[in-house]
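J.: Here is what each chain is made of, one letter per residue.
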Amino acid sequence: MELLSALSLGELALSFSRVPLFPVFDLSYFIVSILYLKYEPGAVELSRRHPMASWLCAMLHCFGSYILADLLLGEPLIDYFSNNSSVLLATAVWYLIFFCPLDLFYKCVCFLPVKLIFVAMKEVVRVRKIAVGIHHAHHHYHHGWFVMIATGWVKGSGVALMSNIEQLLRGVWKPETNEILHMSFPTKASLYGAILFTLQQTRWLPVSKASLIFIFTMFMVSFKVFLTATHSHSSPFDVLEGYICPVLFGTAWGGNHHHDNHGGSHGGSYGGSGPGSPHSALPAKSKEELSEGSRKKKTKKAD
Amino acid sequence: MELLSALSLGELALSFSRVPLFPVFDLSYFIVSILYLKYEPGAVELSRRHPMASWLCAMLHCFGSYILADLLLGEPLIDYFSNNSSVLLATAVWYLIFFCPLDLFYKCVCFLPVKLIFVAMKEVVRVRKIAVGIHHAHHHYHHGWFVMIATGWVKGSGVALMSNIEQLLRGVWKPETNEILHMSFPTKASLYGAILFTLQQTRWLPVSKASLIFIFTMFMVSFKVFLTATHSHSSPFDVLEGYICPVLFGTAWGGNHHHDNHGGSHGGSYGGSGPGSPHSALPAKSKEELSEGSRKKKTKKAD
Amino acid sequence: MELLSALSLGELALSFSRVPLFPVFDLSYFIVSILYLKYEPGAVELSRRHPMASWLCAMLHCFGSYILADLLLGEPLIDYFSNNSSVLLATAVWYLIFFCPLDLFYKCVCFLPVKLIFVAMKEVVRVRKIAVGIHHAHHHYHHGWFVMIATGWVKGSGVALMSNIEQLLRGVWKPETNEILHMSFPTKASLYGAILFTLQQTRWLPVSKASLIFIFTMFMVSFKVFLTATHSHSSPFDVLEGYICPVLFGTAWGGNHHHDNHGGSHGGSYGGSGPGSPHSALPAKSKEELSEGSRKKKTKKAD
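Residue numbers (the working numbering), protein chains in the order written: chain R, 343 to 645; chain X, 343 to 645; chain A, 343 to 645.
Think of the hints as simulated: they come from the structure by calculation, not from any bench. The structure presented is a predicted model; accordingly, all values stated were derived computationally and were not measured. Careful, some of the hints might be misleading.
No copy is singled out in the list; a pair is fine if it fits within one copy or between any two copies.
As the list claims (entries may be wrong) - No farther apart than 25 Å at their CA atoms in a straight line, the calculated lysine to aspartate or glutamate pairs in the DMTMM-like style are these:
#	residue 1	residue 2
1	K457	E387
2	K449	D412
3	K449	D580
4	K516	E382
5	K449	E382
6	K516	E387
7	K449	E583
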């Protein structure tokens, strides 16, 4: 019985990993990505006054992961744009979200139950991209561990890792922050996922790729849906990092007061704060969660 | 008779499309491009105090189109710099424009009738670059429409699309604007030309490539010479965009007041303003036209 | 006797050019590079609060030359990161320099006689990188002089030429300056070295590659060790540039007053000032020398 259920789970995972992403899952990815572009301050005005810039930003949000991975692996940056149907679909989503009469399309996709479905489907695409990216990197660099992790990471994080450039395209410049300094949950999860998938690809993690895709997708879907539904800013990694980071990166045991008095008292984690540190940074909020917060305030004002 | 004149026009267009660009037309391209670099505030001082930075900016002005196209198509960014003769010619033009005794060379090329000839020849090079770029992209991506349009666009626009980077090299940083937000006439025309040449390459536009090169070149030469001679800031596309853009990208019919009160009242076109909108942006001025304007003021002061 | 000593010198140069760089020389390169990262204001706090960003900056400092050369030559940016052992060694150096208990490792490598040995060994790596880079570029572009010089230059200068990007990663943005505007001694020396190695590669300079590597390395080692030991800001090129640059790039003999009154009176050299110019720029200080200066002040305060 156990063997049968294991086989069924294995087959389920295998079928799941082979589900074609185009067009339904890709559509969800485009909808959620461009929704978060719309939440950015000034994005609607940008679409009215500078539609070309707005469209380019939308394309970066939809295909940024492919652009970054191509840059790392020395392939044409514009390679993915040869998929005309994907670009046309993303363009249609951009147009409907920004220019649909009475904002009908926007209101439909923003209806929370519907939105949560799209968010869940976006995570399916994210995890699949990480897995495919690592497989692709492995093909070129059989033993390039760092290459595989980096490729998986950029495939999962997408436009977030090039947020400064995407903002610059919109005429916004905020050099004091970037996604590496203040990592959001999806970016962090993409990094950890890239490490897991690299371990699996190099046979250090004894699971099948399909099973890992399935398990990691379930993890990502659960947390992203929960965070989106509750507008929460926490991250499931904070607790673990709160213990590990002070040990690895904490106070340098009295040796750094010459150079930086603050350095000794932070014990910081990735963009977050360890317990009891007086100069803690704000908890890393998901760019999506921050946008959600400001969007909620705007809708409340409008009601 | 009509057949004979059609054949003659066809042959004329074919001969025109095969005229070698090096060295005469390329020389004109370099002269006009580096002239516009000289018009930039602080460019002369830059050449005196930081000649290396000045030379690099001049090379970006002359070869920026090749660099961007290579970046998109995954080829070495420095590929075009293997043409030693072109680089040496551009270097000679840079040196003569910035360092010729008594500014003799500069004064010669700035004499309006002479300058208009160079401007006309630069447009011949621009259109040829668009056509060649699209042909090159088509070779790699037979059905990549967006790839072809993007490649043709960057080949035609050149350094304008990387203006932020070129300015950064000079120590200038203006993140609030870029060529996508405020498209000048040459950039816009390059985009429309890239679309036309892509339609021709994929046989949707039933004209020969030579004829399209000829017709589009005549269009570009006429308007650029007119705009340069009259120091005008208008664009031949404004009227058409003034009708099409409010329809495609105009007020979202009452549905966007939640997110951006300004969004509903603009009906803006590409960087320009529709009629009657209270928060209109300044008309998109050609970077060359703006530089021309400030240059005219300086020469008037000096007279 | 002379023939024998010439043969011995030739063999010495040949053996020297074949000394394997990994792991000892590479280790020195990583130590010195990451030391200079630590000297940057806020770097220690960055390592505590944002270790991922700190590690990425350290990797840029160690491998920036490979990344830039790959970008120029159209190869995968991440190619060098397939050398797992180099990346792990650099990571270990980063960890020890920033997180070693009581800063023991840092204090050891900062002890001046020890540091001077590492500085000398770093220059061996720098010169070898320039030579290899030019050989690699020559392989792709047999007659691409500018390509070879550019590739050698970026291989020698490394992260300095991408300092704006490396600072942006740390949340610092200083657009008013960059390494091209204000060239430090290593960057300038890398450029001149690239020119010499290109002349040798194309057989215009009648010396063997091994001899040129040996001679140029001795030059670089001598000056870098002297500059580091004396915390000097001067450059051995200033005198020569002080004579050549006013002739090549000096006052445009009365022809530039229309456009820039300051332009005529500077006669500036590369980022430096010619004699007697009223608005002279500060002498170009090596980023390393400036960091040395501020480090010395901090250690004096702490004593």
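J.: Against which earlier hints does the structure fall short, listed by number upward?
T.: 2, 3, 7
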